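Novice: Sequence:
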Amino acid sequence: MKLNERSLAFYATCDSPADNAGFLYKRGERHTAYHRRWFVLKGNMLFYFEERESREPVGVIVMEGCTVELCDSAEEFAFAIRFGGTKSRTYVLAAESQAAMESWVKSLSRASFDYMRLVVRELEKQLEEMRWGPAGGCGGCRQLPSSWKPKPSGPERSPERLPALPTILPKENGCAVWNNVPGADRPPDTSICGGYDGEGNPRPPPLPPRRRASSSEAGSAGATAAESPSTFCRLHERYGQEVARLRQDWLERRRCPRP
Numbered sequence: 001m002k003l004n005e006r007s008l009a010f011y012a013t014c015d016s017p018a019d020n021a022g023f024l025y026k027r028g029e030r031h032t033a034y035h036r037r038w039f040v041l042k043g044n045m046l047f048y049f050e051e052r053e054s055r056e057p058v059g060v061i062v063m064e065g066c067t068v069e070l071c072d073s074a075e076e077f078a079f080a081i082r083f084g085g086t087k088s089r090t091y092v093l094a095a096e097s098q099a100a101m102e103s104w105v106k107s108l109s110r111a112s113f114d115y116m117r118l119v120v121r122e123l124e125k126q127l128e129e130m131r132w133g134p135a136g137g138c139g140g141c142r143q144l145p146s147s148w149k150p151k152p153s154g155p156e157r158s159p160e161r162l163p164a165l166p167t168i169l170p171k172e173n174g175c176a177v178w179n180n181v182p183g184a185d186r187p188p189d190t191s192i193c194g195g196y197d198g199e200g201n202p203r204p205p206p207l208p209p210r211r212r213a214s215s216s217e218a219g220s221a222g223a224t225a226a227e228s229p230s231t232f233c234r235l236h237e238r239y240g241q242e243v244a245r246l247r248q249d250w251l252e253r254r255r256c257p258r259p
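Note that UniProt numbering gives residue 12 to position 12 of the sequence shown, counting from 1, and the numbers run on in steps of one.
These are computed hints drawn from the structure, not numbers from a lab.
Accuracy of the hints is not assured; some may be wrong.
Derived BS3-like pairs: lysine-lysine, alpha-carbon spacing no greater than 25 Å straight-line [stated by the list, open to error]:
(1) K42 - K26
(2) K106 - K42
(3) K26 - K106
(4) K87 - K26
Pairwise CB distance ranges, derived in the manner of DEER restraints [as the list claims (entries may be wrong)]:
(5) L8 - G65: 15 to 23 Å
(6) S7 - E75: 30 to 38 Å
(7) K125 - A21: 30 to 38 Å
(8) E53 - K125: 39 to 47 Å
Given the structure is predicted, the values throughout are model-derived calculations rather than measurements.
Glycine is no exception: its CB is placed at the ideal position from the N, C-alpha and C atoms.
Given the sequences, and given the hints that come with them, work out the whole structure.
Specialist: As structure tokens, then:
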């Protein structure tokens with residue numbers, strides 16, 4: 001695999017956040033001496049510099065197809081990065097403390113895309129189990145989300161329906177009548193309380209007693225109705241005469257203007 005050196009140098013020194021960074025001791029390939037280098041882990045690439053302020057990395061290790069494990073070495077807190085294959089190189093590194101070694105081993109073990117692929121598959125599996133439940137819970141059957149409906153825990157009850165009232169209530173003697181609902185003419189059932197009938201439907205409010213007009217009130221109402229036209233005629237005739245008189249005076253003043 002060929003890598004662009006300029007692109008690697010820019011990526012190693014850019015402001016993108018690093019997964020881990022610090023000093024490690026790196027054993028040479030030909031000589032067994034350890035050299036202190038500044039290491040920066042970004043994604044699946046482990047860069048190392050001669051100094052912390054260096055502008056270009058000395059080398060890079062691509063963390064793919066390798067294993068990170070502890071190893072026996074003259075240096076304390078040593079671990080190795082081993083690649084598969086007979087001619088592959090093994091990088092031996094040593095940290096400055098136990099905590100630093102554990103931190104580097106953990107971050108390097110999680111740097112490869114193979115590890116990320118396994119994590120994504122595991123998360124997808126957990127999400128699938130959370131969404132559908134265990135496979136053996138319903139005999140391995142799966143239903144579509146649109147066709148799934150929760151089953152009621154208790155006996156299924158139909159929604160309570162109210163009796164339909166007519167759009168326009170009939171009127172009797174100028175007042176709306178409430179006893180036009182079917183079945184309202186039946187005598188009330190005193191054995192059922194709570195304002196509901198035997199089928200669970202609410203009963204309409206009780207009809208107030210009708211009041212019949214007495215003969216004297218009927219006569220006075222008829223007399224008032226009979227007197228009203230004659231009273232209007234008299235008023236019309238009186239005010240009409242006054243208007244006619246005022247008009248006559250106005251016409252005479254126009255004919256004979258005052259000097």
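Novice: Next step is simple, just say for each hint if it's right about the structure.
Specialist: The hints, checked one at a time:
1. Between K42 and K26 the alpha-carbon distance is near 18 Å, which keeps this suggested pair within the 25 Å criterion.
2. Of the supplied pair hints, the one linking K106 and K42 holds, its CA atoms being roughly 14 Å apart against a limit of 25 Å.
3. As the CA atoms of K26 and K106 are separated by approximately 18 Å, the hinted pair is consistent with the 25 Å bound.
4. As the CA atoms of K87 and K26 are separated by approximately 20 Å, the hinted pair is consistent with the 25 Å bound.
5. For the pair L8 and G65, the supplied restraint of 15 to 23 Å holds, since their beta-carbon distance comes to about 19 Å.
6. Between S7 and E75 the CB atoms are about 33 Å apart, so this pair conforms to the stated range of 30 to 38 Å.
7. Range check, K125 to A21: about 33 Å between beta-carbon atoms, so the 30 to 38 Å window is met.
8. Here the CB-CB span from E53 to K125 is close to 46 Å, well matched to the stated 39 to 47 Å.
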